[in-house]
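Protein sequences, first through last, are from chains H, R, S and W. In this text, residue positions in the first sequence follow UniProt numbering: the first is 1, and each later residue adds one. In this text, residue positions in the second sequence follow UniProt numbering: the first is 1, and each later residue adds one. In this text, residue positions in the third sequence follow UniProt numbering: the first is 1, and each later residue adds one. In this text, residue positions in the fourth sequence follow UniProt numbering: the first is 1, and each later residue adds one.
FYI, nobody ran anything at the bench for these hints, they're computed from the structure. Beta carbons: idealized from backbone N, C-alpha and C, even for Gly. Check the hints yourself; a few may be wrong.
Pulled a few chain W residues facing chain H out of the computed Cβ check, cut under 8 Å [unchecked claim]:
| # | residue |
| --- | --- |
| 1 | Ser4 |
| 2 | Glu5 |
| 3 | Phe8 |
| 4 | His142 |
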Amino acid sequence: MLAEKALDLLRELQRTLDGSLPPYNEDGIRQILEEMKALFEQNQKDVSATVAGENGLFSGVQLRHSALERNKRCLLAYLYNRLEQIKKMRWEFGSVLPPEVKFNMCEQEVQWFSKYNKMLANYMRSIGGEGGLDLTQDLKPPKTLYIEVRCLMDHGEFETQDGNILLLKKNSQHFMLRSECEHLIRQGILEHIVH
Amino acid sequence: MSIDGSNYFDINDILSTQQRLPCKVEMPIYRLGYLDSSSESEHLQPGTKLELPFWMARALCSRKRHIVSVDLPKQYKEGYREIFSADPTMVDLHKLGPYFYNYGSQLLQFELPETPDVAKSLLQTFQGRLRKIMDSSQNCFNEDTSKLVEKLDESERILFKEGQQALNDFQCWETRKTEKLKTSEMVKNHRKRKRVVLEET
Amino acid sequence: MADIDEIDGVSDEEVEALTAGEVLQKLEEAWLNEKFSPELLEAKTDLVDCMLEQVTEMEENIKRAKKGDFKVVLHRMEIDRIRYVLSSYLRCRLKKIERYTTHVLEQESNRKEEDVCHLSPEEFTFAKEYGTTMETHMKNLVLRHMPPNLQTMDFKQTTIRPNLDSYVFLRVIEDTDGVLVEEETLDTGEEIVDLQKGDQHIMRYKPLSGLVMSGAVSLI
Amino acid sequence: MDPSEVEFLAEKEFVTVVPNFALDKIYLIGGDIGPLTPGLPVQVPLWMAVNLKQGQKCRIVPPEWMDIDRLQDKKQEETDSKFFTKMPCDHYIEVTQLLLKSATDDIPHADEIRTLVKDIWDLRIAKLRSSIDTFVKSDATHAKLNFLTLMELNTVRPFLTKALDQMHVLRSNNNGRIQSTQE
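Isolated chain H, as found in the complex (with noise of 0.2 Å):
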């Protein structure tokens, strides 16, 4: 059926879009684009030959068109539902992807995604003037100044902004700015506890 490719390209996607991305559909796409180029150039032949005079192609002209115009809904939506789940990974992830995401990206995905990262960063630099304001920061309403943590794995030494240094060993517990290790806890690596 026509267009039915398209259809299970998106389905695909549909389906594995529970929080991870799955491989650039490659093949896919060029399937797709080739029964495109077909029907187009069928389109082609019929136009010509009814300006030479045959008659009663329109309908088959329009039907084919209808085709070609579903088949590039779906390759945009395709390609777009991806895009937005990269950007949705930006956010929960930071800006370096884990490999086994990367590898599911094709060349021009890595490439939107660090443009994607350079307009972000030169966006939140903007604001305001002096430093400007990083807007992956402070997700949740604040509640104490500062909060209990413990190192889910090592991590090495952490700068606090009052200028001290804490090695962040596995299992170790520490007492810090809440604002300050709100991203640790959010890729993992600290765990917030709350009595």
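Following the hints, complete the assembly by docking chains R, S and W onto the known chain H.
Same frame as chain H, but now just chains R, S and W:
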């Protein structure tokens, strides 16, 4: 039912417009006979009846163009409409096409004689089922809520999830769970998948 | 009272001496309006810049304070709260800019000179870059491989626009009569409502758009 | 909006505390506070009161409405009234939650207060749900929601607004404005 104005990139909108409806060919369509699996003819001859996806039927049947004529899928016809109005809460709308309301709304573009009745039926059916969805979304998830969810169409399931999420968020707040800063969901899922992969190799 | 001399820069309120507390109050209102409005509202650049200035200034003072001065703890906590409002507000706007990029840029280019802009200069730069990068991505990967008449993005189709018919909760700040809640339709007449100060309503956003901008109602 | 953000707004409410230490006037960005004098009641924002209490630096004076008899009457009033009644505080459940968590020893009959407030909350949420059902089934396209607090509105917001958004589309279908699709 995409939350924004019709959204070109919305996968649900694309899937919902894939659904098929009964069509009848009005003008010959050459070299596309293969679309009708029940005949070997090279072309589609006028009078042929076949099911086409909505996106295609929409391009071939409009005020401007009448290459095919269309008919409502059975779940939007009078027989079913009577069942819905009798007791909307009992009907399995997921089976009748997972995007029942979205697809039904789009079918109205064909301006068939039954369009006003279909439009009314869609609204009344939705209104009739809403209380049950709201109440069950406020109870904790058990086997009869899951039985109910199975019968909900995709947009109703989104509503059910919204209700459950709001209840869950409130309970986490009430029990002070929200005070604990947590690892991001994606990072957690990613770690789980990595550990699973390591265990398998 | 830490007074702010006049707030310069384009802002719809008349330029007036606002106290820091009043600026913070206005920023919180702008934050909630932005959170619940489907569309990108006016850019409150002056409120954001002013608040960030206040925070930076306060952080300087704290550095000079004596060790163990308990007031430092209280100031730092307030700064955490203000920074939360600022970043949540700007994040909310950024999400709308990323979702409705073409629509927002189109609206901005149609805006007349004297109207207040809905994108701050920095947001405008980000929006343009984000839009072009997306379009280039689509072109490189698929569009240029498509048949000739399909190789461009048809923005009439692909532009995602905010759903102005979304339902919102609101509180009335100033009495406003004759609000057209529902236009006339085939079988229902038009509906006019008088909004009384202090009342709370739920209705579609569209008739409220101007009232939110003017401050006559605030979204809750 | 997450309930923790509603609580964040509730923390701007002022409460009375009795500090046990001295601190001169604090020029916060949001306004001036204090000075704090040991033993002298003073008004501070809730976020500050909770933190001072956690640091054992003050005693919190419960708001007058957080009293068994007054809450008993309010519960009765709410039960008897078909409509929502005005609550003594716009953030009654958040203030109760925060004070009972961090300053239970300062609140007489803390457990009865907790139960009474929860009963009032449950009463109002149930009333809210049935008024939503009536509203949805009627042809009304807007409604007045006076006396509902932000946390109450917040718990029904996602469900109610999305349900009404969908109803608007289905109604527009009836009035001839049909949802156009892409192709």
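The hints, checked one at a time:
no.: 1; hint: Ser4; verdict: holds, 5 Å
no.: 2; hint: Glu5; verdict: holds, 6 Å
no.: 3; hint: Phe8; verdict: holds, 4 Å
no.: 4; hint: His142; verdict: violated, 31 Å
Violated hints amount to a single one, hint 4; each of the other numbered hints is respected by the structure.
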